[in-house]
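Novice: Sequence:
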Amino acid sequence: MDRYPQRLLQRLAPLIKIYLDPSLPEPFKTSIVTTAEHSNVDNRVWSHDGVIVSFVDDLNQPDLETASASPLDPDSDLFPNGILSEKWLEKYCNAIPMVFLLAVHFTSDHDEIWWADHLLALRKQLVELGSQIVVMVCSGDGREAEDRQRLQVLQSLTHLPDDAVFFVPSATAVPKVMRVINSCFPQWASSFYGKKLAKVQNRNSKFYNMKTNEFDTEIVLTPKFLETRNLFKQGILAQYYMTPKWSLAIKHLENGYNTLVEIISECFAGKFAADYPLTSHDIIVYASFRRLLDIAAFHIFRGYLAVGNPETALKKHAVHIKICNDITRSQYGDNVTSATRQCQYWTATQYELLADYLVEAGAIGLLKGDDNLVPFYGGMRYALDSTTQMDVFTDPVFAYLHAYNLVAQLSLDGIEVRDYMVGYETDIEEYRRRLLTKAIESASRDSFKKQIDPRGTTLSYLHWLLANHTSAKTKAQDLYRKSIAYVDDNSDLAGLMREKLVVNESGAKKIVELLKLPGTRGGHGTPLSVNISEATKVAVSPVDLVKVDVDIVNQSLAHHTFMYDTCVIQITLTPNVDLQYLQSVVNVPVSLVVNHVTAEYTGGEILVKNDASATQTLPQIVENGTANLSLSGKDSVVLHYVFCPEKSGTFKVTSVATDATLTLGQAVVTSNQNIGDFNKHQSYSKFYGKDGVKNVRTSDANWSQITVKPLQPKITIDAVNKDIGDIVIGETVNLDFKINFQHPSTHKFEGSVLLAPRIAVTSEHEFDKDLRIRVYWEGHKDDESLDLSESIAGDGSIELVRKLFVQVQNPVTRIATPTDATVQIQISSEISVEGITSEHDLASYEMPLIPSFAHEIKYSIVPRYGEDDETYMPSSFIINDDTTQLGLPLVSRLWQARLQVTPVDDVEIVKTTFDIRQSNNEISLEIVGETKGLTQDFTTTSKTGFSHRTVSVFTTAKVFWRKKGREIVNEHTTREWEVNLPMSDPRVLLSTKRDGENAHLRYVLENPTPRVFTFTTTMDTKNYDFSDPRNIVPSKQPPFPVMPFSRHVMDWYVKGSGDLPELKTFDVNYKVLLTTLVVD
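For what it's worth, numbering that gives the first Met the number 0 labels the leading residue of the sequence shown as 0, then goes sequentially.
Read the hints as simulated data drawn from the structure, not as lab findings. None of these values were measured; they are calculated from a predicted model. Among the hints, a few may not be true.
Claimed, not checked - Computed cross-link-like contacts, DSSO-like style, restricted to lysine-lysine with a CA-CA straight-line distance of at most 30 Å:
hint, residue 1, residue 2
1, 546, 693
2, 963, 802
3, 608, 633
4, 957, 802
5, 536, 608
6, 992, 931
7, 780, 910
8, 223, 321
9, 90, 223
10, 481, 508
11, 646, 708
12, 194, 250
13, 747, 708
14, 713, 646
Build the full structure now, drawing on both the sequences and the hints.
Specialist: Structure, rendered in structure tokens:
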């Protein structure tokens, strides 16, 4: 932004001038300055609402008289055909204040009379401009009362209004008073700048009254000149409010911008051709037009950002660049080269201006795309028309970089640079360095590194570019190193960067950078010619010279390693630098040798020294502590150290230390490595054995360690009955297993052996996860392991049989068990030796799971006929001598509970028990006899003799069952059933006795109530012969009574077959038919 005066680009705001009385105590001065700076936006291109604060030392303001200089003034260098002087643009933010604030302190020399005279003189200067005078009288030191009286005198002499005079009793009160004054700024600004704006808007004249033919100019004045002047003034003044009127400012600035473009095109088209004699005055005017155009474009750009429209702001920036470049090309005619170079240079300055703004205001961020705007991270591509696209950037780093790219190859030699290019760099190379330096500073901010450049590639690129433009060798080398620091050392880009350092460095630094080249480290290397002629020593190599790999394997390559097995520690040494590449780029012999190797492992240390006279074999067996450790090309040196572990545990190589020397002619590089991490992150490794190289896998995650297991016995387990069958939910199954144990062949096993059973239910479908399963050895708890320690104490082989019980218990079933469910039984051994426990799977079995032992279980209660009337229907007219019941008879009813069970195949029901309970404590429920198969008789009796219409009976049953061929009887408890039984309703019971076709039908009509009921009966005599002489009851009876607590018995002797005859019993009183209940 240093290409334009700061005042022309800064954030516009009301100007506040502050005068501090020299006699003012220091605390007051400090507090006033601090408070004022909080809202000061001076010299800022972007900020929140505030004011421009200017501290002055003199009450006399000479600049107020000259602040109105304009192109219409004959003393102006733009007279007579300029549009707007830069002095006018500066005067409202530099000269003419909205408020002149005075902080005064009464003294004997400067009393209220002295201040009144100077205030009146100052107000005379400001009154014509409409500026406001505000006075702060600062007191203190116990003079508050005196100073208040002086203030009244001062106010009466100057006629200052109350809102322009403030009394400050102490320095601590300054912030409060300043806040009160600041609260008046919006109103004062609206009045002060509103009048200025109205004055400009009311100027109707569009013509000049001077003759321009009297001046050395070819610019013809038109009404557009004054129109453009007024539009720019209105656009600038609209921004001076406390809250700028952005919509009004943007409107006037855009209109003024467009008319100024027309003026430039009309006045200067083709007039910069080499043979055109443009006057010096017109060149000055042209420069002012171009600067005014740039300033207006900047204000428009900032305005759109302020109203939250960054897309339009950036579009305007792009359009401004295109318009101005079109103007430049039209002015140079056929001189395309000059026009193109001028356009490139000027465009770079505009992107630099944009970047400077974004540095202060902050990056804009991501944009919303449309048909003509394609956003990308850090900027956007905008289609100006169907053939032209421009990139505009929202992050300052990319804007600086784009400006650099425009001038990277630009040469201004032989062309004339016009004065409108303020701050033109005569040294174009210095301008490039400045752009890159600014870009690096901006790219170093935390937000850029975190959001856009987390890997530092942009910073690397910028440092690289700046190094290429830096002539100082030391500084350039530092920049190259900074550039390399951000990229992968193994990348081709890092290699190209380091080649610059290798060529330019000398001595030890040359060798250090040479070793860092990707080609030296086995990557892609470009042809170089490096001259090494000095006897240089590099004490610490920048890279590891030797790559060390460690493997510990069982010599027999067995997957598991046990005590007393032969194991090999294999140490592989490989050049970590490409010796062939080094030899191809340097002019001296190259050699690499490992002086000694020291490896520490569990249980000891391996020390190997270099013996150049020893024969190099693959591998070299380490026996006497020496081996040939010379490395050449890409070949490896492989060392083998053999040992036999005599105890179990983990054997690990903890570290390998090497001392290597690389010789480049007379230059020597040493490398001391101590490696403790040997993870290869691969599934196999190469083992160099007697039979050649083999790829082997390891059972350990770390190749540098091997797990040695204790001696293991041989254990097998098999089911005695190979077909273990299925298992039903609720069933317990016992399985016999034969266990065979054998000691190791070399040593007797001394340890403990546990056989652990595991069980699970699996299915491809959803089932009740709460299904309870149990597994246990005979005499053991659930899931408890079987300890074989005592059984295997002897020598040789041991064989024994043990029972395993498996049970699937009945769940609270919510989800039906699927038919494909199986019970998985897994038996594994837990072998513990020397505190180390290992697990081994021995056997697994599957048992299909049957959801239930029965397809269906039904329950019912049916009535039964008890013939003993004294027990079941005692008469109310007979009182026994031994009874204590003097009230109503106690009627009992006989019932039978029935289960109907449909078992699945191979299931037999062993027995059944019932648990029958009543819900009413006034009812007695007694079990009658033993359970017979799936039935149980019981009676219900009222304890008090009172009539109970019904009683609720609750029943659960236990069904004992087993699978055929199995000994264990399983128990199933049914759900609880609830049945309501009638206690006092009359009923008809039918008892039948058959003898071939002859049948005895006995119908018993019961009345268990204290009331008399009247009934009629009708017997259906079809299909049966009722001619037996014993039949005394007519087939149709007229109404007859049944006495309270009595039975009415009706017998028929019939002959026939098929369905029994039907007796219809009608209750005359209640008009209902009674249902006949069969009791046999």
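Novice: Take the hints in turn and mark each one as holding or not.
Specialist: These are the hints, each one checked on the structure:
no.: 1; hint: 546 with 693; in the structure: holds, 20 Å
no.: 2; hint: 963 with 802; in the structure: holds, 19 Å
no.: 3; hint: 608 with 633; in the structure: holds, 21 Å
no.: 4; hint: 957 with 802; in the structure: holds, 27 Å
no.: 5; hint: 536 with 608; in the structure: holds, 23 Å
no.: 6; hint: 992 with 931; in the structure: holds, 21 Å
no.: 7; hint: 780 with 910; in the structure: holds, 29 Å
no.: 8; hint: 223 with 321; in the structure: holds, 23 Å
no.: 9; hint: 90 with 223; in the structure: holds, 24 Å
no.: 10; hint: 481 with 508; in the structure: holds, 16 Å
no.: 11; hint: 646 with 708; in the structure: holds, 8 Å
no.: 12; hint: 194 with 250; in the structure: holds, 19 Å
no.: 13; hint: 747 with 708; in the structure: holds, 15 Å
no.: 14; hint: 713 with 646; in the structure: holds, 20 Å
Against the hints set out earlier in the document, no violation occurs for any number.
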